[in-house]
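Taken in order, these protein sequences are the chains called Z and F.
Count along the first sequence from 1, add 876, and you get the number used in the numbering used here.
Count along the second sequence from 1, add 4, and you get the number used in the numbering used here.
Think of the hints as simulated: they come from the structure by calculation, not from any bench.
Beta carbons are placed, not taken as given, at the ideal position from N, Cα and C, and that holds for glycine.
Some hints here could point you the wrong way.
Footprint (simulated), chain F over chain Z, 3 or more residues, beta carbon under 8 angstroms [what the hints assert, rightly or not]:
1) 1077–1088
2) 1147–1161
Quick list of the computed label-pair ranges, beta carbon to beta carbon [to be verified]:
3) F:L172 x Z:I1383: 47 to 55 angstroms
4) F:G176 x Z:D1452: 51 to 59 angstroms
5) F:L172 x Z:I896: 24 to 32 angstroms
6) Z:V1448 x F:D110: 53 to 61 angstroms
7) F:I182 x Z:Y1038: 40 to 48 angstroms
8) F:A212 x Z:Y1208: 20 to 28 angstroms
9) Z:I1408 x F:G95: 53 to 61 angstroms
10) F:R190 x Z:R1187: 52 to 60 angstroms
11) F:G95 x Z:G1137: 51 to 59 angstroms
12) F:C48 x Z:I1408: 42 to 50 angstroms
13) Z:D1452 x F:A55: 51 to 59 angstroms
14) Z:R1004 x F:A55: 27 to 35 angstroms
15) F:R145 x Z:G954: 50 to 58 angstroms
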Amino acid sequence: MHDDSPVPAVHQHKAPTSFIRKYVFSLDHKVIGKQYYGLALLSVFIGMVLSWLLRLHLAYPSWNIPLLGKLSPAGAPGGVMTPEYYLSLLTMHGTLMVFFVLTNAPFAAFGNYFLPIQIGAEDMAFPRFNMMSFWTTFLAFVVMMASFFVSDGPPISGWTAYAPLSAIGKDAGPGLAMGQDLWAISIAIFCIASLLGALNFIATTLDLRTKGMSFGRMPYSTWAWFVTSVIALLAFAVLLPACVLLILDRVAGTSFFIPGGLILSDKLQPHSGGSPLLWQHLFWFFGHPEVYIAILPSIGIIATILPVFARKPLLGPRALVGSMIAIGFLSYMVWGHHMFVSGMNPFSANLFSVPTLIITIPATVMTLLLTATVYGAKMRFETPALFCLGFISVFISGGISGFYLAQPSLDTYLHATYFVVAHFHFVMAVASLFGVFAGTYFWFPKMFGRMMNDTLGKWHFWLTFLGVYCVFMPMHYLGLVGNVRRYSAFVDDYLAPLIPVHKFITIAALLTGAAQLIFFWNLIWSRFRGPIATENPWEATSLEWSTTSPPPFDNFGGHHPVVYNGPNEYGVENPDGTDFVMQTAAPKGT
Amino acid sequence: MASDSRKQPKAESTLNGVHVAAGSAAGALARPEISETGVWIGVCAIMMTFAAFTSALIVRQGASPDWQHFQLPRILYLNTLILLASSVTLGIARQQFSSVAGAIADSPAAAKKYFAVGMYSLYVTAALGALFVGGQILAWRNLAAQGLFLSTNPSSSFFYVFTAMHGLHLLGGIVGLIYIICKIGRTTGTARTTGLGAICVYWHFMDALWVYLFLLLAMRT
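Here chain Z stands alone, though its shape is the one from the complex:
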């Protein structure tokens, strides 16, 4: 079963004893994974509260929230937020969710914890870089949060920070002085952290696979983290220079993104000749791959978990991995579909439309493979399984609206409406978070050695599942009738009759958010009071289930696991009555 050769010296380090080295500046990928998860949890909580404030303001614009008035006297005088402060909170909601939740939770958190274990390594290739990448991310988080506490609050330019609004200082509006500086610096720091992390993931996957762990035997989650890290390496390498140029426009007086002749606050801006479209190109060259950085890890997590509860092998594993690689490749050719109405040449809009429609093919292949895996299965309907099925549902619901938005003629009408908000929240945010939820319920026993409560989990699933449909389905309708996004109040004649729909969405959002408290409570309760987990409670095949729960410091107790099988050996009939074969199970006669 085990190879007793010595541990390779490249990544060998001793178990730390001091508190600081063990829990704070730890080199252990498992601790770093949990730190990322904790940071994502904190960010998602703040982001969720921000979305509540935004929704409340949209449905009940004159409602008085005294606490908000105390926290930001300028942004919400007397407890009612100004239109600008609405945009500030919107910017922070988007930024926190996209960067610190959707990038951190499914990719950095679970990837850090499970990628090395799933390939049979003791740690990441570069543990010191790994520690640095978490603490750099944390620094980026602190800098981003600091923008709440500067005099004019966070920036109002949205998570996409479109120039020239984002490139000009305080003349352009509130939040665009210090707040926007902090935003740009924070994102630049985040880029460096993500690059370090991606580098580590790739090197680890290439060089540290244990004996027998060929690429063909890697679990699908590992494949997804690997492909995602390649995407992240190339995407964040473009956002970083974009941020550098943005910062220079802001602080050094250059004119990369700011055109000439701009008069703001009665002042002629001292810039000339810059191209606002250049920012959009650079940003979306990162921004579209970022969508796949958010969703691919979740697809990999679902593809790993679903067969465990379906008790049958995943259908077409090669097609699934091939689709992931195809998506990674195509993700770099479609950025222009975010810019159909930006004034770009209409011919190039068509050029971007075609690969955007082509990218739906691998996405559809993956969805069909997951759905077909469930066909005829004797499902074990435990919480992770429910979130897997929920993932398929929301991914399809969000994906279908993508067909419409991919076509320039339709997008011209739907652009910047709630239809787009519904689309990306379903396909990117909710789908990705369902992957995180499935992963949490599935891997919690391995990470903390205790099972999570299944009844609470099921309550959490059904309330969340129905809740997100109540929140985002009506937004399609709002978008179709022309309700634009980023407005803080709907006073126009054609928008005012839609306020009842907004009230429904707001109430649904508050309830869905409240349902997440069940999840928070389940996490905390199970951490201390959950039933003790066995080594392999779900009867899964991959390597993390062949070690103790939680794994020892070096993951496999001084041994190297040897891999003989792929991760997909479910539904077999063993003499001992079990129906699966571990990746480490040696074939008879060896």
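Let chain Z serve as the given structure and place chain F on it in line with the hints.
The following block gives chain F in isolation, referenced to the frame of chain Z:
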């Protein structure tokens, strides 16, 4: 990649009583070290970053007619030669260290000499790198004397951005080189060259990147 060969026990021999891991001196050069894999991945990211900067330059130059051409400071030609020379000295260092293991058994004196020349070449490489960075600063001063600053014109903006970003990356390379020098030097007499392959890849890449940037700037500004 090298999961099987990594697990072979390393054959050890001694040079003047100090251990030399054959697997890390000559052997390591034959198969990729993990640090080398890491550097290659980093090189991909850096290439992407400078590709983005390049596309920004091309788009910005075409965006409006305010692009102002200027004469590149002459010292850049000298700087380029200095950086190219540093790549040569680094190549010599690597060759010397790889000869150490082969020479230990036959003639320890020759091995010692190889080691000394290797170390010397590393010092020269680091010094040439520092000289290059100093030369770049002189080029900045030359530009400033012409009245061309960061915000004067998009062409000068890109000049400062490209040279500064490349300079920062090269400073990182110098730090890495000093780290390797300390690492090899600490175990005096041994040729434990773990990481040398990685720094070689990085350094040569920085060299090639500069030649690319220099040509780009020469053509565009």
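Now for the hints, and whether the structure bears them out:
Under the rule that three or more residues need a Cβ within less than 8 angstroms of chain F, the assignment of the stretch 1077–1088 of chain Z holds, with 8 such residues. Evaluation of the coverage hint for the stretch 1147–1161 of chain Z: fulfilled, as 9 residues show C-beta separations to chain F shorter than 8 angstroms, against a requirement of three. Taken as a hint, the range 47 to 55 angstroms holds for the pair L172 of chain F and I1383 of chain Z, whose Cβ atoms sit roughly 52 angstroms apart. Taking 51 to 59 angstroms as the suggested C-beta distance range, the pair G176 of chain F and D1452 of chain Z conforms, at roughly 56 angstroms.
Range check, L172 of chain F to I896 of chain Z: Cβ separation about 30 angstroms, and the 24 to 32 angstroms hint holds. Hint check: V1448 of chain Z to D110 of chain F, Cβ distance near 59 angstroms, so the stated range 53 to 61 angstroms holds. About 43 angstroms separates the C-beta atoms of I182 of chain F and Y1038 of chain Z, a value consistent with the hinted range of 40 to 48 angstroms. Roughly 23 angstroms separates the CB atoms of A212 of chain F and Y1208 of chain Z, a value that falls within the hinted 20 to 28 angstroms.
Here the CB-CB span from I1408 of chain Z to G95 of chain F is close to 59 angstroms, well matched to the stated 53 to 61 angstroms. Here the CB-CB span from R190 of chain F to R1187 of chain Z is close to 56 angstroms, well matched to the stated 52 to 60 angstroms. Separation of G95 of chain F from G1137 of chain Z is about 53 angstroms and conforms to the stated range, judged on CB atoms against 51 to 59 angstroms. C48 of chain F and I1408 of chain Z have their C-beta atoms about 45 angstroms apart, which keeps the hinted 42 to 50 angstroms range intact.
For the hinted restraint 51 to 59 angstroms between D1452 of chain Z and A55 of chain F, the CB-CB distance of approximately 56 angstroms keeps it satisfied. A hinted range of 27 to 35 angstroms for the beta carbons of R1004 of chain Z and A55 of chain F is consistent with their spacing of about 28 angstroms. The supplied range of 50 to 58 angstroms is met by R145 of chain F and G954 of chain Z, whose beta-carbon atoms lie about 56 angstroms from each other.
Every hint, counting from the list given before, is met by this structure.
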